[in-house]
Structure formats: structure tokens, C-alpha cells
Amino acid sequence: MNVLKNKGVTFKIATAIKECTPEGVVLATGEEIKAATVVWTGGIRGNHMLDEAGFETMRGRIKVDETLRAPGHDNIYVLGDCSIVMSPEGRPYPPTAQISMQQAEICAANLVAQIRGSELKKFEYKPKGTVASLGRGEAIGIVGSRKIKGGTAAVMKKIIDLRYLFIIGGIPLVLKKGKF
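Residue numbers for the sequence shown follow the working numbering, beginning at 979 and rising by one.
Treat the hints with care, as some may be off.
To be verified - Capping the alpha-carbon separation at 16 Å, the derived lysine to aspartate or glutamate pairs in EDC-like fashion look like this:
(1) 983 to 1116
(2) 1127 to 1116
(3) 1104 to 1067
(4) 1041 to 1010
(5) 1106 to 1139
(6) 1100 to 1052
(7) 985 to 997
(8) 1100 to 1139
(9) 1012 to 997
(10) 1100 to 1044
Claimed, not checked - Label-pair restraints from in silico Cβ distances:
(11) 1151 to 1103: 24 to 32 Å
(12) 1052 to 1082: 16 to 24 Å
(13) 981 to 1052: 48 to 56 Å
(14) 1011 to 1144: 37 to 45 Å
(15) 985 to 1005: 21 to 29 Å
(16) 1090 to 1004: 50 to 58 Å
(17) 1026 to 1064: 18 to 26 Å
(18) 1015 to 1151: 25 to 33 Å
(19) 1044 to 1107: 19 to 27 Å
(20) 1133 to 994: 34 to 42 Å
(21) 1066 to 1034: 21 to 29 Å
(22) 1148 to 1012: 41 to 49 Å
(23) 1004 to 1089: 46 to 54 Å
Calculated directly from the structure, the hints in this document are not laboratory data.
In this text, a Cβ means the ideal position worked out from N, Cα and C, and glycines have one as well.
My request is simple: use the sequences and hints to build the entire structure.
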């Protein structure tokens, strides 16, 4: 928070927004915040087509079984932002690229297993950590059980971004899209 405060960010934590107007936002307390641009980051919603297709959804997402299939449908797998995967504690995991990539690996293996008539794999999320950029040369994160910040976290964020580009497109995509 201190890094962002030094960059001019004002935090209003646990304050509900009552209304967005062309001039900014009005908080539940009645306080008005003038802003030319308002960015809302209130959550992820899946695709409305899932509701229209007749699936039981929660905010446009399907709560999948342990093999990533839609309940009651042995031949429909649901991944990414359209799926809800519950943790052992009974809370949904956040729909991130990290979990989607892990889901894709299990789904691919399960499609092959289903075609071959063998046992399906159960999805087990293995969090690798999270790193968030705060601007040039600044970031925060948790990698494994270790908290990182500042330049170290910024370098880690860069490595993660380059690794992702490499996974989806190899060296050509890293050279084309990577920022060094």
C-alpha cells in the first residue's frame, strides 16, 4: 500500500459504492469521489451462455465435479472462468490463469482416459504463488510460502510472464511479445 500511496493512490477499504455517475462514484456513506475514469474490480462472472444452455450456475459459472465435469454430464468438461472448483475447505478457488492451466492438463488426460475407457484423474489444485506488478520495478507476491516485494518480486513477475509466453508459443512468441 505504501508504494501505491507514494504514487498518489488513495485507498477506500471496505467502503461500498452506492452509485457510479459521469463525474465519479458515490459511496454508501454519501461521500463523492470525483474521477474521470472508474475501474471496477468486483469479481469474475462466467459466460451467460452457460445459463442459457440450462446448466445450474452460480454467477455464470458451473460448480464442476472432481474430474472437472459438469454435474450430470459425463461428456462435458468445464474449465477456466466458467468453472467453480472447491477447495478442501469448501471455498471456491479464484479463477486465475494458473488454475486454468492446471485444469487444462487434467482435462486433456481425462479426455484420453475417457476415450480409452480408463480411470479419470481427479483435479487437485497446486498453488504456485501469486505476484502482482505495482509499476516499473515494483511488485509484491507470495512464491511458495515466501513473501517477496520490490525489485525481487518485479523480476519474478517478469520471469512468470516470459514463462507463460514460452508455454503457449515457444521462443518465437517470447521474442515477439516479451519485454526485456
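Here's how the hints hold up against the structure:
Among the hinted pairs, residue 983 with residue 1116 is consistent with the structure: their alpha-carbon atoms are about 13 Å apart, no more than 16 Å. At most 16 Å may separate the alpha-carbon atoms for a hinted pair to count; residue 1127 and residue 1116 meet this at roughly 7 Å. The suggested pairing of residue 1104 with residue 1067 holds, with an alpha-carbon distance near 14 Å, which does not exceed 16 Å. Taking the CA atoms of residue 1041 and residue 1010, the gap is about 38 Å. The hint is violated against a cut of 16 Å.
For the given pair, residue 1106 sits about 14 Å from residue 1139 by alpha-carbon distance, which is consistent with the 16 Å threshold. Restraint check: the Cα-Cα separation between residue 1100 and residue 1052 comes to about 14 Å, which is no more than 16 Å; the hinted pair holds. Taking the CA atoms of residue 985 and residue 997, the gap is about 26 Å. The hint is violated against a cut of 16 Å. The hinted pair formed by residue 1100 and residue 1139 fails the criterion: a straight-line CA distance of about 28 Å is larger than 16 Å.
A threshold of 16 Å between alpha carbons decides the hint, and for residue 1012 with residue 997 the separation of about 12 Å falls inside it, so the pair holds. A C-alpha spacing of about 5 Å is found between residue 1100 and residue 1044, which places the hinted pair at or below 16 Å, so the restraint holds. Range check, residue 1151 to residue 1103: Cβ separation about 26 Å, and the 24 to 32 Å hint holds. Evaluation of the 16 to 24 Å hint for residue 1052 and residue 1082 yields a pass: the beta carbon distance comes to about 19 Å.
At about 49 Å, the beta-carbon gap between residue 981 and residue 1052 stays in the expected band of 48 to 56 Å. For residue 1011 paired with residue 1144, a C-beta distance near 41 Å keeps the hint of 37 to 45 Å intact. Hint check: residue 985 to residue 1005, Cβ distance near 22 Å, so the stated range 21 to 29 Å holds. With their beta carbons about 54 Å apart, residue 1090 and residue 1004 fall inside the hinted range of 50 to 58 Å.
Range check, residue 1026 to residue 1064: Cβ separation about 22 Å, and the 18 to 26 Å hint holds. Checked against the given bound of 25 to 33 Å, the beta carbons of residue 1015 and residue 1151, roughly 31 Å apart, stay inside it. Roughly 24 Å separates the CB atoms of residue 1044 and residue 1107, a value that falls within the hinted 19 to 27 Å. Distance hint check: the CB atoms of residue 1133 and residue 994 are about 37 Å apart, consistent with the given range 34 to 42 Å.
At roughly 22 Å, the beta carbons of residue 1066 and residue 1034 sit within the given window of 21 to 29 Å. Taking 41 to 49 Å as the suggested C-beta distance range, the pair residue 1148 and residue 1012 conforms, at roughly 47 Å. Take residue 1004 and residue 1089: their Cβ atoms lie about 49 Å apart, and the range 46 to 54 Å holds.
This entry does not satisfy hints 4, 7 and 8, going by the numbered hints stated previously.
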